[in-house]
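Dock chain C against the given chain Y, drawing on the hints supplied.
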Amino acid sequence: MDSDDTAESTLRHRTSSRLQDCCIGATPLQKRIESVRKQVSFVPTPPRRKIPQCSQLQEDNDPQKVAFILHKQWTLYSLTPLYKFSYTNLKEYSRLLSAFIAAEKQKGLAVEVGEDVSVKVTFSTLLGMKGTQRDSEAFLVQILSKSQLPSENREQKVLWTGWFCCVFGDSLLETIPEDFTCVPLFLANGAETNTALVGTWFQKTFDCHFSPLAINAFNLSWMAAMWTACKMDQYMAATELLWSVPCSPQSLDISYAIHPEDAKALWDSVHKTPGEVTQEEVDLFMDCLYSHFHRHFKIHLSATRLVRVSTSVASVHTDGKIKILCHKYLIGVLAYLTELAIFQID
Amino acid sequence: MSVLRPLDKQPGLNTATILLVGTEDALLQQLADSMLKEDCASELRVHLARSLPLPSSANRPRIDLIVFVVNLHSKYSLRNVEESLHHVDATFFLGKAAFLATGAGRESHCSVHRNTIVKLAHTYRSPLFFCDLEIEDFRATMAQRLVRVLQICAGHVPGVSALNLPSLLRSSETPAPEDL
Numbered sequence: 000m001d002s003d004d005t006a007e008s009t010l011r012h013r014t015s016s017r018l019q020d021c022c023i024g025a026t027p028l029q030k031r032i033e034s035v036r037k038q039v040s041f042v043p044t045p046p047r048r049k050i051p052q053c054s055q056l057q058e059d060n061d062p063q064k065v066a067f068i069l070h071k072q073w074t075l076y077s078l079t080p081l082y083k084f085s086y087t088n089l090k091e092y093s094r095l096l097s098a099f100i101a102a103e104k105q106k107g108l109a110v111e112v113g114e115d116v117s118v119k120v121t122f123s124t125l126l127g128m129k130g131t132q133r134d135s136e137a138f139l140v141q142i143l144s145k146s147q148l149p150s151e152n153r154e155q156k157v158l159w160t161g162w163f164c165c166v167f168g169d170s171l172l173e174t175i176p177e178d179f180t181c182v183p184l185f186l187a188n189g190a191e192t193n194t195a196l197v198g199t200w201f202q203k204t205f206d207c208h209f210s211p212l213a214i215n216a217f218n219l220s221w222m223a224a225m226w227t228a229c230k231m232d233q234y235m236a237a238t239e240l241l242w243s244v245p246c247s248p249q250s251l252d253i254s255y256a257i258h259p260e261d262a263k264a265l266w267d268s269v270h271k272t273p274g275e276v277t278q279e280e281v282d283l284f285m286d287c288l289y290s291h292f293h294r295h296f297k298i299h300l301s302a303t304r305l306v307r308v309s310t311s312v313a314s315v316h317t318d319g320k321i322k323i324l325c326h327k328y329l330i331g332v333l334a335y336l337t338e339l340a341i342f343q344i345d
Numbered sequence: 000m001s002v003l004r005p006l007d008k009q010p011g012l013n014t015a016t017i018l019l020v021g022t023e024d025a026l027l028q029q030l031a032d033s034m035l036k037e038d039c040a041s042e043l044r045v046h047l048a049r050s051l052p053l054p055s056s057a058n059r060p061r062i063d064l065i066v067f068v069v070n071l072h073s074k075y076s077l078r079n080v081e082e083s084l085h086h087v088d089a090t091f092f093l094g095k096a097a098f099l100a101t102g103a104g105r106e107s108h109c110s111v112h113r114n115t116i117v118k119l120a121h122t123y124r125s126p127l128f129f130c131d132l133e134i135e136d137f138r139a140t141m142a143q144r145l146v147r148v149l150q151i152c153a154g155h156v157p158g159v160s161a162l163n164l165p166s167l168l169r170s171s172e173t174p175a176p177e178d179l
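Protein chains in written order, with numbering that gives the first Met the number 0: chain Y, 0 to 345; chain C, 0 to 179.
This is chain Y alone, in the form it adopts within the complex (with noise of 0.2 Å):
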């Protein structure tokens, strides 16, 4: 390990060095360009990360708006950064995106911008959603329906619910030009067609490239591990992964439920380092319920797939979608979705 470390700051170093030699004030393309080169350059994943804590930012956000956040199943995808946004204009953006959608939905026929829509869009701001002040301030987007009756009635149904935000962004937002805002994870609720609808709206104005985030089974075991190692003060619910059994003809599916204390028990007997988490831990971990699972049933579970992770922190599925349970670690959770939508678009 230690080898491996000095060897990637070596090459960093001459990169660096490099680049200085050129030009003194690095345009953002320089720094883009180097930025890729430390990429390249063996090694990107981090080998530790931080056990998700409580972020003081947290602090001052709308607990309404985080109660509406948790316990939704929202899907994920991964978003470039937006050209020329700004948080002053979301009234603006509320008119134009409610009549495009009223446009996409009666296919062909002309839509005054105004007020004789079906649909009405509201855009706010979620604040305190965010790691650090530099990270970009979060944003909600709704959809509502607009009743067509004029009576007292007023109260407007949720179709579709949609967020943006950036948690820890800061490896992203150090080689970001000016005009763009970084917001790189997306998280929907509701039907995909209005999903879609709202893409494509945001690519034509902001252009910018949505696409869907997908976890793979090694970042699922690594929210495995982060997720057991928090400290929760009551369990909603078991610690619970799933394997998928591959080449079988119909697919078979290993759901494999542990007490959550037990589960922290055995993360505190694997873990060292207070405060991390380590690509050994995460494996050693891993290797322990194999080994369990192996001596009880005799299947190697090392050999199929993880496709569901869910503790009481939260519940997350390879193809991206998630349910955040647990207010305490919601920043700690949307920081490692962050990181994984930054390295997606990378």
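Please keep in mind that the hints were generated in silico from the structure rather than gathered at the bench. Ideal placement from N, C-alpha and C gives every residue a C-beta, glycine not left out. Any given hint might turn out to be false.
Unchecked claim - Listed next, the in silico SDA-like pairs over lysine to any residue satisfying Cα-Cα at most 20 Å (straight line): (1) Y/Lys297 / C/Arg78; (2) Y/Lys297 / C/Arg49; (3) Y/Lys320 / C/Arg105; (4) Y/Lys320 / C/Cys109; (5) C/Lys118 / Y/Asp282; (6) Y/Lys297 / C/Tyr75; (7) C/Lys118 / Y/Glu280; (8) C/Lys118 / Y/Glu279; (9) C/Lys118 / Y/Thr277; (10) C/Lys118 / Y/Leu283; (11) C/Lys118 / C/Glu81; (12) Y/Lys320 / C/Ser107.
What the hints assert, rightly or not - Here are some chain Y residues the structure puts well away from chain C; computed CB gaps all over 12 Å: (13) Gln105; (14) Lys119; (15) Arg133; (16) Thr180; (17) Asn193; (18) Phe205; (19) Ile341.
Claimed, not checked - So the derived label-pair ranges between C-beta atoms look like this: (20) C/Asp136 / Y/Asp252: 28 to 34 Å; (21) Y/Gln72 / C/Arg105: 20 to 26 Å; (22) C/Glu82 / Y/Thr272: 26 to 32 Å.
Quick look at chain C alone, frame taken from chain Y:
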């Protein structure tokens, strides 16, 4: 436990023998079939093994090249290769061993990080190939490459020896062993 050595047997006349080691039986079989389809002046022998050590009783020809096949979708296949490596003599790693990683194309299915296998190949100073063996065209290309490498390892290509291979097959992107 018997350790596999490269030069403990006489070579067969005009024969080149490759040993493919990996848990993915079906993929290894398909790769072997593709290799045998290749047009080649030497007589090819392809041996398949799930893991090493090989049973000591069997009468087998001299092995000129060992390829360790790791499926990135399965941690088990990586562990199996890691354990098999203990049963190979160090002189094999002077050009007569290679690693082949399959499954990198379906990123969402990966259980093993790409860097883990890159590091493993570096540790053993051996070339690493990436190829999705499930895709027929890719497999055919890989088979062609392996046949060429095998011919060199068996000494059937004048002027090139297996000793040249580690440096010839190193890609420019990966650092030289001394940088690690």
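Query - Broken hints, by number - result: Going through the list in order, the structure violates no hint and respects every one.
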